[in-house]
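Taken in sequence, the protein lines are chains A and B. Here the first sequence is numbered in the working numbering, starting from 30 and rising by one per residue. Here the second sequence is numbered in the working numbering, starting from 94 and rising by one per residue.
None of these hints come from the bench; they were simulated from the model. From the three backbone atoms N, C-alpha and C, an ideal C-beta is built for every residue, glycine too. A hint or two may mislead.
Quick look at which bits of chain B chain A covers, simulated, 3 or more residues with Cβ under 8 Å [what the hints assert, rightly or not]:
{"no.": "1", "segment": "99-113"}
{"no.": "2", "segment": "136-144"}
{"no.": "3", "segment": "154-162"}
{"no.": "4", "segment": "168-182"}
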Amino acid sequence: MSDSTIAVDTHESDLQHHFANLEQQQEASVMGMWVFLITEIMFFGGMFAGYMIYRHLHYQGFVQGSLHMDFWWGTINTVVLLCSSLTMAMAVRAAQTSQRKAIVVFLLVTILFGLAFLGIKVIEYHSHWVEHQFPGHDFHLLDEKGQPSPYTSEAEVFFSFYWAMTGFHALHMVIGVGLVSWIAFLAWRGRYDAHYFTPVENVGLYWHFVDLVWIYLYPLLYLISNKHLSG
Amino acid sequence: MSGHIATKRLYVSVWIALMCLTVATAAVSRIELGHFNIVLALLIATCKASLVALFFMGVKYISNKMTIVVIVAGLFWLGILLSLSMTDYLTRPWT
Numbered sequence: 030m031s032d033s034t035i036a037v038d039t040h041e042s043d044l045q046h047h048f049a050n051l052e053q054q055q056e057a058s059v060m061g062m063w064v065f066l067i068t069e070i071m072f073f074g075g076m077f078a079g080y081m082i083y084r085h086l087h088y089q090g091f092v093q094g095s096l097h098m099d100f101w102w103g104t105i106n107t108v109v110l111l112c113s114s115l116t117m118a119m120a121v122r123a124a125q126t127s128q129r130k131a132i133v134v135f136l137l138v139t140i141l142f143g144l145a146f147l148g149i150k151v152i153e154y155h156s157h158w159v160e161h162q163f164p165g166h167d168f169h170l171l172d173e174k175g176q177p178s179p180y181t182s183e184a185e186v187f188f189s190f191y192w193a194m195t196g197f198h199a200l201h202m203v204i205g206v207g208l209v210s211w212i213a214f215l216a217w218r219g220r221y222d223a224h225y226f227t228p229v230e231n232v233g234l235y236w237h238f239v240d241l242v243w244i245y246l247y248p249l250l251y252l253i254s255n256k257h258l259s260g
Numbered sequence: 094m095s096g097h098i099a100t101k102r103l104y105v106s107v108w109i110a111l112m113c114l115t116v117a118t119a120a121v122s123r124i125e126l127g128h129f130n131i132v133l134a135l136l137i138a139t140c141k142a143s144l145v146a147l148f149f150m151g152v153k154y155i156s157n158k159m160t161i162v163v164i165v166a167g168l169f170w171l172g173i174l175l176s177l178s179m180t181d182y183l184t185r186p187w188t
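Sequences and hints are given; from them, build the entire structure.
Structure below.
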């Protein structure tokens, strides 16, 4: 894009005046998104650091607590999220190649995967709730024989991390579904093509980031070995 | 990333690898390996995270070096947070 001529194509309005050209604008925007994602890494990083310390201090509580996680729902949700990341990547690719209809279709499939994840999370939360596995005065933990577990208070720590970490993750998913819906609507209106698709790319980065968090939450919460039980 | 368009085949290959690693981490967690359970689980998770970041998030194709600096700085800071927290708690029994 030459500086001396006034571009007359319809996309001129996409370029904000403080950028030299669309490429520079797009690079700056993506870098800004990464700066935001780094703040998100710090946000979740604090919880991961806390998890690590308390797991170290109360390992049996974490083993006991993890026994009450539903292995299959956790695994299915991991698969659902990884599928949603694939469709999100394909949506960005469709934007890069100006396949306007494909952008919308891939974004809608991504939304469906996101909603499936949240639905499964609701099922899990409900069953933990009715079994009194929510930290507080009503918290109960039963061992295999149906007796109150001697590790109840330590497992309560595990469940505090479980609810906080998956809760904030789920909140990010809700926001993600909202963002993807918004760009899906704009894509349906024909807003994005190879010339301008920065919002699709940045929302994609956000979506993948939320997937990254779950990639670590899954083994840390669901996959603590039941063979490590003592007592 | 804007300059580079990955093939559909690459994305599907990455997804298949992610599926395989998910099965691997689920299967390995059912085997008793002592301390290596968590080591292996985090190793596999990091492989999965790297695949997502490098290909789906396009980190491999970022041309703007400043963006790379931002990412590396963030990960470095996370490393400080996690490692220095643990140097405290892991060495307390030494006193």
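Consistency of the hints with the structure:
no. : hint    : result
1   : 99-113  : holds (count 8)
2   : 136-144 : holds (count 4)
3   : 154-162 : holds (count 5)
4   : 168-182 : holds (count 8)
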